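I would like the entire structure built from these sequences, with the hints used as guidance.
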Amino acid sequence: MKTETELKNGGVNMARRSFLRYAGAGAAAIGVLTAASSCHKDHNVTASVGIDIGSGDVGILNFAYALEQLEAAFYIQVIATPYSGMTSAELTGLTSIRDHEVLHREFFKKALGAAAIPALSANFSAINFTSRASVLAAAAAFENTGVTAYDGAGYLIVNPDYLTVAGKIVSVEARHAAYIANLITPGSFVAGQVDTNAVNVSATIAEVLPIANTYLTTKVSAKSFNYVA
Amino acid sequence: MNLFSIIDEIEKVDPDFQDRISPRRDAIKNITSFGSKVAVAALPFALGTIFKKAYGQTSTSVVSVLNFALTLEYLESTFYNQGAAASGLIPSADYNTYFKTVQGDENAHVTFLQGVITSLGGTPVAESSLTFDLTAGNGSGKGPFADVLTNYQTFLAVSQAFEDTGVRAYKGQAGNLLGNQVVLTAALGIHAVEARHASTVRYIRGTTPWITSTAALGNDTGISLVNGNYDGEQNITQLGIDCTTLPSEESPSATLVSVATAAFDEPLTMTQVLALLVGSFIVS
Numbered sequence: 087m088k089t090e091t092e093l094k095n096g097g098v099n100m101a102r103r104s105f106l107r108y109a110g111a112g113a114a115a116i117g118v119l120t121a122a123s124s125c126h127k128d129h130n131v132t133a134s135v136g137i138d139i140g141s142g143d144v145g146i147l148n149f150a151y152a153l154e155q156l157e158a159a160f161y162i163q164v165i166a167t168p169y170s171g172m173t174s175a176e177l178t179g180l181t182s183i184r185d186h187e188v189l190h191r192e193f194f195k196k197a198l199g200a201a202a203i204p205a206l207s208a209n210f211s212a213i214n215f216t217s218r219a220s221v222l223a224a225a226a227a228f229e230n231t232g233v234t235a236y237d238g239a240g241y242l243i244v245n246p247d248y249l250t251v252a253g254k255i256v257s258v259e260a261r262h263a264a265y266i267a268n269l270i271t272p273g274s275f276v277a278g279q280v281d282t283n284a285v286n287v288s289a290t291i292a293e294v295l296p297i298a299n300t301y302l303t304t305k306v307s308a309k310s311f312n313y314v315a
Numbered sequence: 007m008n009l010f011s012i013i014d015e016i017e018k019v020d021p022d023f024q025d026r027i028s029p030r031r032d033a034i035k036n037i038t039s040f041g042s043k044v045a046v047a048a049l050p051f052a053l054g055t056i057f058k059k060a061y062g063q064t065s066t067s068v069v070s071v072l073n074f075a076l077t078l079e080y081l082e083s084t085f086y087n088q089g090a091a092a093s094g095l096i097p098s099a100d101y102n103t104y105f106k107t108v109q110g111d112e113n114a115h116v117t118f119l120q121g122v123i124t125s126l127g128g129t130p131v132a133e134s135s136l137t138f139d140l141t142a143g144n145g146s147g148k149g150p151f152a153d154v155l156t157n158y159q160t161f162l163a164v165s166q167a168f169e170d171t172g173v174r175a176y177k178g179q180a181g182n183l184l185g186n187q188v189v190l191t192a193a194l195g196i197h198a199v200e201a202r203h204a205s206t207v208r209y210i211r212g213t214t215p216w217i218t219s220t221a222a223l224g225n226d227t228g229i230s231l232v233n234g235n236y237d238g239e240q241n242i243t244q245l246g247i248d249c250t251t252l253p254s255e256e257s258p259s260a261t262l263v264s265v266a267t268a269a270f271d272e273p274l275t276m277t278q279v280l281a282l283l284v285g286s287f288i289v290s
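If you read the protein sequences in the order shown, they are chains S and G. Positions 87 to 315 (my numbering) are the ones given, in order, by the first sequence. Positions 7 to 290 (my numbering) are the ones given, in order, by the second sequence.
Treat the hints with caution; some may be incorrect.
Said to hold, decoys possible - A partial selection of chain S residues facing chain G, derived with a Cβ cut-off under 7 angstroms: (1) L222; (2) Y265; (3) I270; (4) P272; (5) N283; (6) S288; (7) I297.
Source of the hints: derived by calculation from the structure; they are not laboratory data. Quantities reported herein were computed from a predicted structural model and do not represent experimental measurements. Heads up, the beta-carbon is just placed ideally off N, CA and C, and yes, glycines get one too.
Structural data, given as structure tokens:
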């Protein structure tokens, strides 16, 4: 428990240091993603740390890419083996979400180019795909985690174009999250996801990756953001 | 002026504030111990410098972004407050299930933004300085949505347009808050809640919870009056990548326009948003 706390605090501090360093670099930080080849070595798969997302904007985009891979794999399975009693409206809605997540995945893969982490293998053995309740609960967890992840990592992004793209995606994830919530319990579209100011909660990379890793066979680390799986 | 209450307020929204200004914070606390009038007189200037250093930009531009957001939240809260008060408008089941929460959220956003602006040393725009016309009639009360407070379908349509536009408005300001851990994170958090509202209103209306555009038209509401609010949502190019050429479950080299547009929400600039609202919903 103590170790976890230290990790989290370390993550915040490390992230801030990174931010300040980049802020100092100013406009020089804006560049083409694929040019960030110096980060490439971070993505090598090793026995000790699995896959690492890398550092800076590339690291954050790889973080998003990892989450989108996980979401896409989940919804592909949902549509491949629909839960019993899935209505046609639900099939339509969940298929659309699948298509959005697949596009997010493919978009990040293309944008990252050579800097992209490898394809990840998911393990959804904890989810009962024949059960509506199990699938929708998992969907809600994925979507809500995605929203907190994008919102929490946004301030670390240096390139304004990348920040805008993250913003374009996170609101769609929030739309998904609310839709799933309303399917589970009508009117629960913000329940448990906002603070007393009606502001969506956010999470750090070091908080999100351990959750994602419970569904991944190859673990994803973020050394630059002080999280090692 | 109570400097320490300001710092306390900021710490409520920014738990790391102490770290940001440390060790300057100790210096500020020490001011009380020697009680120098000169030092106290210099405080406003010192505060500005601290914020600038702590957040890497002047607080002025941040405050203007927040006042823009506050203006939109005033409009939304007014809309839901008047909608809730309009007898027979919102079916009680829908109010209790959905709109009571939406109304509460928008009012909470107003209070929150007022507090943040004040905490940053700014002055929140006064609601009394703004006049709204929910019919979009620029004060005539007889705009194109004249029955907005008597016809539930019109109310829903306007609600959807407000929420979808609100999402675009917050998104458009993200770049102006780049790197600002406190304010950007909070703005993104409100942005996500507006998106949750938009999704929900769309769900109630029976449309897709996300904006499903065609190549020619961003607006998927079926109400041409709000075409401007959705213009740009038809974009399929992200970071120079044509998303319709990317692999999908249906094709290794193509993605439908409906998917490419729905998977990404598009921003609006402050100028674009104000042009859509001022002279119609916000009386000029």
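Status of the hints after comparison with the structure:
1. Taking 7 angstroms as the C-beta cut-off, the interface hint given for L222 of chain S is violated, the closest approach to chain G being about 14 angstroms.
2. For Y265 of chain S, the interface hint holds, the least distance from its beta-carbon to any beta-carbon of chain G being 4 angstroms, beneath 7 angstroms.
3. For I270 of chain S, the interface hint is violated, the least distance from its beta-carbon to any beta-carbon of chain G being 12 angstroms, above 7 angstroms.
4. For the restraint placing P272 of chain S at the interface with chain G, the shortest Cβ-Cβ distance is roughly 5 angstroms, inside the 7 angstroms limit, so the hint holds.
5. Interface restraint check: N283 of chain S against chain G, minimum CB-CB distance 4 angstroms, threshold 7 angstroms, status holds.
6. The closest approach between the C-beta of S288 of chain S and any C-beta of chain G is roughly 6 angstroms, which is under the 7 angstroms cut-off, so the hint is satisfied.
7. Against a cut-off of 7 angstroms between C-beta atoms, the interface hint on I297 of chain S is violated, since the closest Cβ of chain G lies about 18 angstroms away.
The structure fails hints 1, 3 and 7 (numbered hints given earlier, in ascending order).
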